[in-house]
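K.L.:
Take a look at the letters that make up each chain.
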Amino acid sequence: MALDVGEAEATKGSKVKKQRKKKNKKENKARTVHSNILYDNAKGEDNPNRHYANNKIKTTKYTFLSFLPKNLFEQFHRFANVYFVFIALLNFVPVVNAFQPELALAPVVFILSVTAIKDLWEDYRRHRSDKEINHMDCLVYSRPERRYVEKFWKEVRVGDFIRLRCNEILPADVLLLSSSDPDRLCHIETATLDGETNLKQRQVVRSFLDLDCDFDPSKYNSVIECEKPNNDLNRFRGYIVHRSGRRDGLYKDNLLLRGCTVRNTEEAVGIVIYAGHETKAMLNNNGPRYKRSKLERQMNVDVFWCVIILLIMCLLAAIGHGLWMFQYGDKRPVFDVLSPEGTDLSPALSAIYLFLTMIIVFQVLIPISLFVSIEIVKICQVFFIHQDVDLYDEETDSQLQCRALNITEDLGQMQYIFSDKTGTLTENKMVFRRCTVAGVEYSHDANARRLAMYQELDSEEEECVSHGGTLSRRDSVTSHQSAKVVLRSQSTKSHRRTGSRAEAKRASILSKHTAFSSPMEKDITPDPQLLDKVNEGGSQMDFMRFHSQPLSQLPSDLSDINDFFIALTICNTVVVSSPNQPRQKVRMRFELKSPVKTIEDFIKRFTPSRLTSSNSSSSSSLLAERSARRAVSGAMPSPSSESTLTKLDEGEGGEGGGGGEGPDANAFSPAPPSYDAKPAPIEEGELRYEAESPDEAALVYAARAYKCSLVGRLPDQVTVELPHLGKLSFELLHTLGFDATRKRMSVVVRHPLTNQITVYTKGADSVIMDLIRPPSTDDSKGKRQRKILYKTQNYLNLYAADGLRTLCIAKKTLTKEEYAAWLRRHLEAETALQGREELLFDSALRLETNLHLLGATGIEDRLQDGVPETIASLRKAGLQIWVLTGDKQETAVNIAYACKLLEPEEEIITLNADSQEACAALLEESLHYIQAKFLCPSPEQAAGAFQHDFPLFDLSPPPSSSSSAASSQAAPVLVHRLGLVIDGRTLAYALDCSLEDKFLAVARSCRSVLCCRSTPLQKSMVVQLVRNKLKVMTLAIGDGANDVSMIQVADVGVGISGQEGMQAVMASDFSLPRFQYLQKLLLVHGHWCYSRLANMILYFFYKNAMFVALVFWYQFYCGFSGSAMIDQWYLIFFNLMFSAFPQLVTGTLDKDVSSQTLQELPQLYMNGQNSEEYKPYMFWMNMIDAFYQSLICFFIPYFAYADSEVDLLTWGTPITTLALFTILLHLGVETKTWTWMNWLSIGFSVALFFAVSLCYNASCPSCYSPSNPYWTMQRLLGEPLFYLLCVVTPVAALLPRYFYRACQGSLFPSQVQVGRQLDRLPAETRRNILSLSGLAVGARYALRPSLFPFPGDSFPKDCGLGGQDGLGCSKSPLEERPLRPQGKAPSGLAGLRDNDLSLTDPFTLASTETDTLPYTKEAPRPAEHHRSPAKHAASDVDASLDLSRLSLSSWITSTPLLSPAESVQLTAPPAGGRQSATYRRDCEGRPGADHAVLEPGPRASHGPRDSLQTSLL
Amino acid sequence: MMASSYNAKEEDGHHSGAPGHGVAGTVKSKKPDNTAFKQQRLPAWQPILTAGTVLPAFFVIGLIFIPIGIGLFVTSNNIKEFEIDYTGLDMSSPCYNCSQSFSWNNTKPCTCSVHFNLDQPFESNVFMYYGLSNFYQNHRRYVKSRDDSQLNGNKKSLQDPSKECEPYRTSDSKPIAPCGAIANSLFNDTLDLFYIDPNGTKTPIPLVKKGIAWWTDKHVKFRNPGVNDNLTAVFQGTNKPVNWRKPVYELDPEDHENNGFINEDFIVWMRTAALPTFRKLYRIIQKKNNMTPTLPRGEYIMEVTYNYPVRSFEGRKRMILSTISWMGGKNPFLGIAYITVGSVCFFLGVVLLIIHHKYGNRNNSPDIPN
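Protein chains in written order, with this note's numbering: chain A, 1 to 1513; chain F, 1 to 370.
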């Protein structure tokens, strides 16, 4: 990750520099910061810092005064608003006005004010959060009081001195001047800025380094000059000028950034350099950008069409009016009123006026309230998403947050997901899982169970208690465990899903935060077998030690085990600390710096006496501190007494190392006498390990579980506590740090027991295995070694397949001569002036050879809960998932396997190229390969492609309307079972303009794409490329700062808010606590939001068109004069009031399919991906329907009142009423879920209409100028004709739509409708059907009876149907019935049909089914039972496959009328019996996975292996 | 009607059962409330529209609508209606001469007599209408051209009519009362009916001119400024509309109460018709007693004082005699509409039934029982 940022920096660098150059020209003045203390009395005027921004932040857009003008100004940026204002103003022109001018303003004012209120509310929320932040406390030095006093953040000013305590959040950008840390360091966690959890070191400004006593601000009188505020987090330049005139440079290492948290440092003092909005964090925080959703874009097109329709209508009316006028010629009829001036209007001029009038009258067609309704609905949707309990994470007490309010529906239309890996898919918590030592695998079943317990949702609380109990009882009661107990007593069983994890997390929070130390990572349950061996080894060694036997007599496996754990414990850079005391921290974080500086030093140190003294000193933190400081200051003078002793012992040391008995005995004397007893439980319990990388910590914790605990680390020695042996101090001679090329690290120590110089190496298996000393061929030992190697390799493969990060542990014993020889050259390398790095590297290479393999570990970078399931289900939903990570390739691939992004049986194309040409060639090659392999698929592959679990995924852009055969041809690219792995360097080449098309071609035909080592910039480039070139909807999800650019580029950016930083969250549109919530967010909320909004928009268009068309038809009967029979009030308020609520309720609450079904049938998501709810033709269909309905609503009253004494409004009011009824009933037809809210809103609408019209019609006999509807409604209500009209007209108007919907539901139901029907089933039945997977459901739905003209056969329903897809029987409720040969299986369907013909009532069948069919948990068994016949009857299986394919395709298309011919095109030719067996096995694996909840351990460990084996078959 | 069920879904199965918060009360958790509303689990009726579920609705609608339609149709047919066009465009028409005049202000009233026969006696009250065709009383500028507050008796508006009345707001720099185009174009033909006895005597039929306007119009919406006693004084300083022959306070010389703005003929006219072909209630012929029909079979004469020119817009003038029923005047359309819609529903119901039989079970039955 660090490397990520480094690269990002590099790539960004150039950009930033350019910007800066520009800036520099303008303002090359640097910032000068003086201490405020000096100026405290002379406040204001002469304080040079007064010009700088203070620390008060204000992110609000408006102030009290500026709100109105500013908000209006912003609103008028929206074209629609300007348009409506224009229309309203037009109404003030007497010649063209249609309505009472003031009334015409009402809608616009209403819309504007609703939006304004919304903006105000949002701004208020920002204001509140600002206030909260501004009022946080911090300690600021106050000169009058001569101490630090508490102040609010907002009172902090540049130049103030701030004292920071541990775990405090920095209020501003602070230059570090003093730290309580012995090394004058301050550790900060920058998670809020860049998402990285590991601690970063910041150093006290150099000139203050030597300050021994506490820093006194009042004595500070230096001046800081630094650069102007900028947003580059990784850059800070400046210098500090002391009174003496001395200058010292300031670097980014001296700056503590706002928003970071101080860790591991008791106290630090700094001076504020940048405050408030000028801090780097704030400068980086640009607000969310306005995004327009796809749906809205589509809608805008149709709004445009509406405008065109409007203009056409106006034009027609204008022409009509002109002609109408023209026909009278000079004989001016009495009803054609002269212009106010009394002059005659020419037909042409009159037509022009009329055109404008019509625009006013027809304004409703452009749905003014649509925009505001959409906003309201979106806010409600956001509210509901916020409120979803399933998206609430108890552990962090956080819930989903929608930061972008206007793109909720985009969630339902995603096609590509780009995900970060670390922290997004994984928890970034490394957990020790299993290990192999000396060729013996220790599976750590108990540990697996324990992990599963954290993970699995339904594990019983009791079980959890017992496990936790054993853990805590193991040997100590650690603070967090006690916390856990407390928490448990508080918690109820409601926790279930997150419960145990939540507790764990809380416990870790309670026990003060350290990185990588949740109980999950810490409490490793040891494997009993291994534990026994460790104990045995320990006691034997102890025994030998007492009897002064050489340790080499130890059985080799025991010694290996012993060495293995020692290696785990010491071969790292882990720092030991205890939470409540000042850190016993060691400077050893700058690596590759050997403590052994000279040969003399080396020899000198080979004295047993020193072991003794330093051993005792290790417990004393004072001494440690001192030595630490010594180390920093660079001097290495040992206490003189020691050095003299060393010299005296020089000779003896030389040979003593070899034999090592005498001194050894000596060395052991200070060991604790009670080494057998519990080794100081409390002390151990409080030890905390701080590691640079989480896997190091994991290994140390693992070793601790075996009682090999690291108790102390000093620069030159590591203290380890071993079972039976007590504390041992290993003299640390060298640490050869990890680097990416070597992929390993080593420590060189002197073993205190054998006194041998030992190299412990830990590294990636690929490199370590090559460095193992080849076992001698002859002797038994060699054979054994070979065997161990072989076995270990096997286990390693297994681990890798399991998705574990593997590390090999090896050791090497050096003779003194060898060491001396190596040391000489190593020291040369260290002291070399040029090429030091390379020399050191070579030196390390020289050392790490001929290793002796000890064992290997499997560490799990724990996936977040439910990640594989989420990925699987998102995939089924037709989403392509790309993982873009900064991690190295191996890790990434491992994780990809673990989260089921890659499947073991998948082929993987790996692209690693060193040059542009190579990359081009590679891409070309893989393209050819894909084409050769897949585009003309051989039968077997085709069959194979359909074998896997995600049948739907094979057709990437799932066809919508036409038959699947046709559309799969139409679909340009198929997604194959291929994985693409590409590394950062190659990606850079591939993203080049010349290659990007090829890259995309390759990438989009792969099922999974994994980009490793990608920089943040590359991530965003990939997203941008896919988004722009493929024209797809993209979602980026990530948690760290390195994902920010990607999140910003994608259509929807999602930030993981969990434990990592806020940076990603700030940039994101949605923030989730955990990755797995993405599933519900997309599949359920996305789908809902999309389908709700799509339907609402369509409805809106319909509604307005329908209403306006009424007036349009009237123009034919009023001489195209722009007269409206609908009263102006109704015209204007119809949209805003009378018909507004029901659609809002439906738009907010309508659920086409229940959330459960949506999650269980992810395929339904494709509905949104293909925009099936709102396709362009639907707009026109709706328009046509609207015109039809308005014709009905116009002409039925027309003829009913033809040639009668009815007046304008008495005729128009029934029409309005009818239109309202029709429109509401139309909504009713389209509403899928009727809650009381729907009923209420519709009732309310009708009531409101009548109430308003009654009041309005009664209110004033002489007002409402152009029309006066006095007493109209009252009179109408007394007329039977009115009621008769109200009954017949809506029925006639809605007849076609209702009929069409019914036919559609029967003849060609969409997937969603199928899903809805599923919903209707009793839960039990549904569960069983769903567990057959979408494939099965699809099969059942799509099978045409006509395709299977077999005679009826009373075949059991589920089994028969299940048989179609070859797996259904696994769930068959009627187990006793043997599966028929598949050839006959379809007949079951026919038979079924016969059976069901009689069952018309929907519920009879369902209920009988539940009553009679014994669904059982052990359902998978029968599948196994039936497998052998299936194997034999390969052709039968083929038939079933065939059917499944057919059904599959029809499921996708939702087009039922598949001709058999089309199905043949898709049909897979006979698959081999073996393959079919594989298929069955795969299928069977799924139910297994479903049940894995009950027995997570076995599944976790064996599941992948199974699949591995099957694929090897 | 539709397959329906109130099913409070058990989606909540896995979570909702959990009681409350984990750490109750101790920490204010951000955990959302687990209520049916917030979790979108409100009990709901979820109709699924398929042939099977919908077809009962079609049949029911069909079965209800057809009888209603028949009833309406019969009712409408029972209404007696007589209509005679007296525009006089034909040379043979008695009013031909009068119709030739275009002018509004003929000093000499033109009269003509139209003979007609009633084949059937009109039993109950008979409503006499005048009907105009091709008269766009719904023209936008025409409709607007009035001042409601003036008509409501507002004295201020009387003297200063609304601008909407332009160009019929003032004449000779005096405000027009009533102002506006509608008032200006008031229908001013006079129609009188005479029954020709079989013996040849001409008996005038009493025509009631009161009660033809809406009660609310007559009593609330239209009011004379000031008291009714001295309308001449009240309307002092105003001019009559240009096309009028008499000022507004002399509209009805017989009935003093029927003058000014509350003249019922005027009120009826001011209620602008919705469609270009319209009729307006002119007089009511009240039934005398139960023994004799209101209008017996036989010959009639209608004497027309022909003032209203319609030739300029190719209009037609009619006189209509009609009885009414509970549903208003004669109009067979609604009955036909009901019958048609009912039949269509029924037919579609049959179609759906076929669909249901042929395909319906496919989707619904095999596995998803409806």
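Possibly wrong hints are sitting among the right ones.
If we take Cβ atoms under 10 Å as the criterion, some of the chain F residues that face chain A in the derived model are [as the list claims (entries may be wrong)]:
id: 1; residue: N152
id: 2; residue: G200
id: 3; residue: T201
id: 4; residue: L348
These are computed hints drawn from the structure, not numbers from a lab.
The C-beta atom is built at its ideal place from N, Cα and C for all residues, glycine as well.
K.L.:
Give a verdict on every hint.
P.N.:
Here's how the hints hold up against the structure:
1. N152: Holds. Min distance 4 Å.
2. G200: violated, 34 Å
3. T201: violated, 33 Å
4. L348: holds, 5 Å
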